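Protein chains: 2
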Amino acid sequence: MMRAILASTSTLHNQEYLEYLLPYLPDLFKNVQEILFIPFARPGGISHDEYTARAAEAFSKAGIKVKGVHEYNDPVEAVRNAEGIFTGGGNTFLLVSELYRNKLMNVIREVVKNGTPYMGTSAGTNIAGLSMQTTNDMPIVYPPSFQTLSLVPFNINPHYLDPDPNSEHKGETRETRIKEFHGLNSQPVIGLREGSWLEIKDNKVTLKGMLQARVFKKEKLPFEIETETDLTDLN
Amino acid sequence: MMRAILASTSTLHNQEYLEYLLPYLPDLFKNVQEILFIPFARPGGISHDEYTARAAEAFSKAGIKVKGVHEYNDPVEAVRNAEGIFTGGGNTFLLVSELYRNKLMNVIREVVKNGTPYMGTSAGTNIAGLSMQTTNDMPIVYPPSFQTLSLVPFNINPHYLDPDPNSEHKGETRETRIKEFHGLNSQPVIGLREGSWLEIKDNKVTLKGMLQARVFKKEKLPFEIETETDLTDLN
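If you read the sequences in order, they're chains A and B. At position 48 of the first sequence the residue is numbered 48 (full-length UniProt numbering), and the sequence of numbers has no breaks. At position 202 of the second sequence the residue is numbered 202 (full-length UniProt numbering), and the sequence of numbers has no breaks.
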């Protein structure tokens, strides 16, 4: 039975790293002494060690130890043995490239589908979808594939941002970008606003947090869904 | 001798498509009766024909005809015979994929380096850099390579947007994304604000328009440059 928290962002405005998610860690990571952290997305280019220390500080507040996957000689074995997994945000292209390079994409999918609890934030959430193709990140490295974990049967756009009605900027809005995605791809996309997350529990996918989320389907008008909506069959 | 206009955006707030660039077309496209339009980036998913009609309407104000590259049976030959080329904006991943699929990347580079005048806006400007890796667009399709035309010896970020000091949004700023790019890549990046463009004339690259641009170099603090700055040797 899958168990996961897939959060739009790690950090809310005026809060500490992972602060708003801390109350939910004891349930997701029940009886877990130590989680395996995937630091590959390296936000702002920080090192794997620095990033792991940041995660460790936050998880210590929930009484859970953290070890980075880069600290293991055999990362595949580390994933197989992990009590729980947390993938942090940063650059999705870099994260996906490193997951493939270390041969971790398939094994993470396998263990999570078999019950290893998983948490993702931002890029770590984006990769839980069918593909990374609704990321907001820059293609700073060329990954061998855009296919990702497919823990949910749709794509995720983290840090979803509504169009600013007062903007004079002509760069594409997020909604336009997702519309362009649907010109070539058919899976639904859920735009997760900061403060929202998807909970996977007993293989059921539910929208959590205080906010609505926005759902985009090919050739349909986008629509809002309320928190607690069941998204298990969004496809 | 190369001749080009590489514009951050096609359209300024409260203006018509290409309006602010029209005064510069007669000089760039001197003695040109008809330009070849590359509509592959398909903004918002519009068709090649619709997009070409939009470009034709704008160029008609400068007395120049427009034909879309998709209207030719042999697009490579069409590029070789073109009096001038204009590549419109939209999705850079789609544009680059289609340029490779139609075997046009090398031939466009070749004819432009040999003197065929070129104009790009947005995605059409992004591809004038060494690679498309500082695009803002979503990876809606997987291109065979991120390498692009290399008309200038650096990368370009079109629609450059300064951080909003009042934002409570935690998605990465443009500056953070470019910093992440420089964690893995060494070429400079120029952030072109909307209303700015690069002029290439007699192989000299100059910042044009009323605004400053922002230059990012690996392991250096970003800095502003004034309009009319010579960027020929930015590398």
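Just so you know, these hints were derived from the structure itself, not from any lab. Quantities reported herein were computed from a predicted structural model and do not represent experimental measurements. Errors might be hidden in some of the hints.
Identical chains blur together in the list; that is why a pair holds if it fits in one copy or across any two.
[As the list claims (entries may be wrong)] Below, computed lysine-lysine pairings styled on BS3-like, alpha-carbon distance capped at 30 Å: (1) K170 to K30; (2) K220 to K61; (3) K179 to K67; (4) K204 to K218.
A quick look at each hint next to the structure:
Taking the closest pair of Cα atoms, K170 and K30 come within 30 Å of each other only across two copies (29 Å); inside a single copy the shortest separation is 47 Å, beyond that limit. Neither within a single protomer nor between protomers do K220 and K61 lie at most 30 Å apart by alpha-carbon distance, with minima of 44 Å and 36 Å respectively. Proximity of K179 and K67 under a CA criterion of 30 Å is satisfied inter-copy only: 26 Å between copies versus 39 Å inside one chain copy. In the homo-oligomer, the alpha carbons of K204 and K218 lie at most 30 Å apart inside one protomer (23 Å), although the nearest pairing across protomers, at 45 Å, exceeds that limit.
Checked against the numbered hints listed earlier, the structure breaks hint 2 alone; every other hint is satisfied.
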